[in-house]
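The listed protein sequences correspond, in order, to chains X and Y.
Each residue of the first sequence is one higher than the one before, counting from 1 in the working numbering.
Each residue of the second sequence is one higher than the one before, counting from 1001 in the working numbering.
Possibly wrong hints are sitting among the right ones.
Here are the simulated BS3-like pairs of lysine-lysine, each with C-alpha atoms no more than 25 Å apart in a straight line [as the list claims (entries may be wrong)]: (1) Y:K1267 / Y:K1187; (2) X:K54 / X:K71; (3) Y:K1267 / X:K54; (4) Y:K1267 / X:K172.
Everything labelled a hint here was simulated from the structure, so no lab data went into it.
Residues per chain are reported as follows:
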Amino acid sequence: MTQTRTYDDQNDGQKDGQKDGQRGGRNDGAPDGAGESALSVRDLWKIFGARADKVIGTPDADLPRKQLQAKTGCVAAVKDVSFDVRPGEVFVVMGLSGSGKSTLVRLLTRLIEPTAGTVTIGGEDVTKADAGRLRDLRRHHVAMVFQHFGLLPHRTVMDNVGFGLEVRGVAKGERRARAQEMVDLVGLAGNEGSFPDQLSGGMQQRVGLARALAVDPTLMMFDEPFSALDPLIRRDMQNEVIRLHHEVGKTMVFITHDLQEALKLGDRILIMRDGEIVQIGEPAEIVASPADDYVRDFVSDVPRSHVLTLRYVCRRPDGGDPGEGPALQADEVVRDAARQVLAAHGPVRVYDGEDFLGIVDDEDILRVVVAEEEAVGS
Amino acid sequence: MSTTVTRRPSAPPVREEQPRVEEHRPQHTFGRILAVVAVWVVGWAVLRGHQTLSLPGAQLSDFQKWLNGVKNSFDAARETNPAFKIVGGISDGLNWVFLHLQYLFSTPAPGRPVPEVGWVGVLAILVFVAFALAGVRCAVLVLLGTLAFGFLGYWQESIDTLLITLLAVLICVVIGVPIGIWMARSKGARAAITPVLDGMQTMPSFAYLEPLALIFGIGTASAIVLTVIYAVPPLIRITEHGIRGVSEGAVEASRSLGCTSPQLLRKVQLPMARRTIVVGVNQCMMAALAMAIIAAFVSGPGLGVPVMQSLAALDIGGAAVSGGLIVVVAIMLDRTTTAASERAELLARAGRRHVQTRRIVLAVLAVVTVVAIYVSRLRLSAAQFPSSPALQRPVSTFISSVTDTVVNSIEKATTAFANVVSYGLINPLQSVLAASPWWLSALAILALAYVLGGWRPAVTALVCEAVLLGVGLWNDSMITLTSVLVATILVVIVSVVLGVWMGRRRRVDTILRPFLDALQTIPPFVYLVPALALFPPSRFTAIVAALAYGVPIATKLVADGIRGVSPTSVEAAEASGATAWQMIAKVQLPMARAAVVLATNQGLLYVLSMVVIGGLVGGGSLGYFVVAGFSQDQLFGKGLAAGIAITALGIMLDRIARHAAARHGRV
Ligand SMILES: Nc1ncnc2c1ncn2[C@@H]1O[C@H](COP(=O)(O)OP(=O)(O)OP(=O)(O)O)[C@@H](O)[C@H]1O
Ligand SMILES: [Mg+2]
């Protein structure tokens, strides 16, 4: 646990404006107050077991998970986690099995009660909300998509999608209209009257998706939504999420243990191990400078040229801005920039907006690509 | 008193919680049992006949006399005591409701020569309900069954049985479903109620006959309460199981959408558990029907009365007809509820057009039913079941003569079998158990309980033995125990043979299983009829009935166990050239040990309840005293004591069997 939330804050300025700039509300500086972030988590703990609340604040809390379990019988599923999610962002949480991802995401709306810490969603402190407020929050502001779909087998697709509205007390006509809209949006038109067990896995998860979208939440949470699907359908569904994100622009917290998926979807990625944060950063950043061996191991198989941007490849020339030759933007992915760099005579200048960052030449590009080949070859 | 709710294939597998057990060293268990038995036998040989505590049938111990006194003071208090006002209110209420149901459907209403609704009306209602719930095939079945009520001459009794069963089941649903839901949703409730259910299910129904009669008086109310006590535990358990079985994922997803707790129950848990709950109602119904005959002891109305009378008169034909009608009622109710639970889903999913057609058909049939009811109120021929053709006499005579012929022709074989078992098994065992000094048997049983199950069941056994001694029925309890053990041994032998056969051969399984399922629908009392046809009234007859009652469940358990042995192991053994016998003895049976142990356990409990009932057909001992307690006033105390002794015996056997099963059943 070397990276903390200060790490996160430090790097915010540097990352702004990267990746698709069209996302609203992203260019106006680092969200350092909870008021501006869609979701803000501070010092969150979850310890399973009897007398779990007694553990926090004692030296026991710092023990590694195994030792704590041996000593007190408690399992620390989430340990002192803090992070912020910006409005409109896709925030990915990843880690190996048992690292506490599912627990973390359930703590956010208190499907599991936190042992300590605060969660603030849209400026409201969730951890202090009473039952009524909490229900309100779940009904209107946050929706979740589950790994095993969690559909109601006795209801049709239509009634499953409208379930959140029904629970909320929306009149039948309005409910059906909205549900129909969502069914169309996720591409299930024609299956309104089917029952979940008559659908394929991918279609079932589309129902789950539509159900979550139907309540028009401000924050959507996904707990490994596609890991039960086979690879082709998984890719379809990932594209679907990307499309929906473009269309409806929701803030998303996305749990996965699949790095490819994380890199594909995430604006930022949080990596967890044994309940603790190991690193938070943009995909390219994590690939370029892994915080420790755990992360390095994680990203070792990644095709680096697909992820790394010029920002992480360029270097400061000795003499400052050479002032001539072709120029490229820093958020260009190496793979896309390769042709231009190789075609150019001499180094290519890299800019972050107006600011000069450095230069890349053929050598730098080849180093990335060749390293990748070697990694695959070995 | 079965502790199982897995009586039928449709029931969900409700696994009993296995008791915590101490570490064990299996290699010593068998040797230790032998050692205990050896000491016991030696002690018996030396001290046989001394201090056996046997008490002649008409003689009462002090405790039993005291119970007689209690009864008298209860009877006296009934008029004055305020607590009895409440009980009296309940009992009057139940009697009133049932009486008016009878006026409506089965007995002449005041001021009329016939019930309010005549037979044509009743028939129409039953067929309509069966059709609406379960479809055409069930409706035909119900039609034929209901006609059989009339033609076999037991119209009123059959309708009474149906009414009392349905009324009891209704009460069970009203009480049981909410309790089941509560248990599923609250850990505290579960912890508090589970032991009560355990107790209710271990207690043989015979044991609470007399206390109930004491409190509610003799009559319909007692019969209903008796039935409810017996039938409600499976419903509660299955409801709880159903609600808890609702997928975590669906519940969590619903919570994440902001469901309130009542919304969760109404929109998610109940609909998703509906099928299971209907299975629970089905089990509850079968259990209620199992009480139909026993209820006759407390003057409950219905088919139980003729069955008892025929049994008492050793009239096999008569008992077969009236007992057969109970089976008909059982099949009608079972098929209808099972089909209903299966169809519920289909109907919910049917298209709109289908739903509309169905509505129209139902509306038409409803009109027909109403017309039938109306007609049955106007015309005597539609109100009173036609007296001809009266099939009862010819059918029962026919059955009697056929059984006579059959029994005569195989008498040699049956007598020989009876003798072998009596002289080879029952007599020696009974002699050791009952003719040893009481302290020797008591110590030996304690030692066996300890060896088999550890100190927990041994403590239970100690308490139960103290109860047996305290109520003054030690010797009779040992005699009953003998029958139970013998029957259990036979059940295990038969069910292992059949079960292995079924487990190894698909074809055998497909042929036998429906029979076993059907046998399990039959109320236990009915098993006495064929047993009594084959053998003269004796201990042995009761054992045969118990055997017939216990074998189906045990066989199915063994068969499932054998079937469950991993195919890879079987293949591996085959590959190494094992013969069929080696395969059974060295691979399949050892690997299915858990199932065999469970089958023994279940068989034991079934057998106990049956052996007690067998008191009626010459089984003697505890069961006989319970019955005698009703007919002879001065024996009431002894009957009540016998009920207590049965309970103690049941709990003792159940605990030992369960702990032994938990210890030795793990693979
Ligand atoms: N209800 C619980 N009681 C006790 N321990 C729990 C409970 N739920 C989770 N845990 C423990 O907390 C840890 C984190 O579990 P969690 O399910 O959050 O992991 P995960 O990262 O989602 O793993 P996966 O990728 O397998 O879903 C695990 O060690 C798990 O054993
Ligand atoms: Mg998980």
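Tested hints:
1. Y:K1267 / Y:K1187: This hinted pair holds, its Cα atoms lying about 22 Å apart.
2. X:K54 / X:K71: Answer holds: X:K54 to X:K71 is near 13 Å, not above 25 Å.
3. Y:K1267 / X:K54: The hint is violated at about 38 Å.
4. Y:K1267 / X:K172: holds (15 Å)
Hint compliance for this structure: hint 3 alone is broken.
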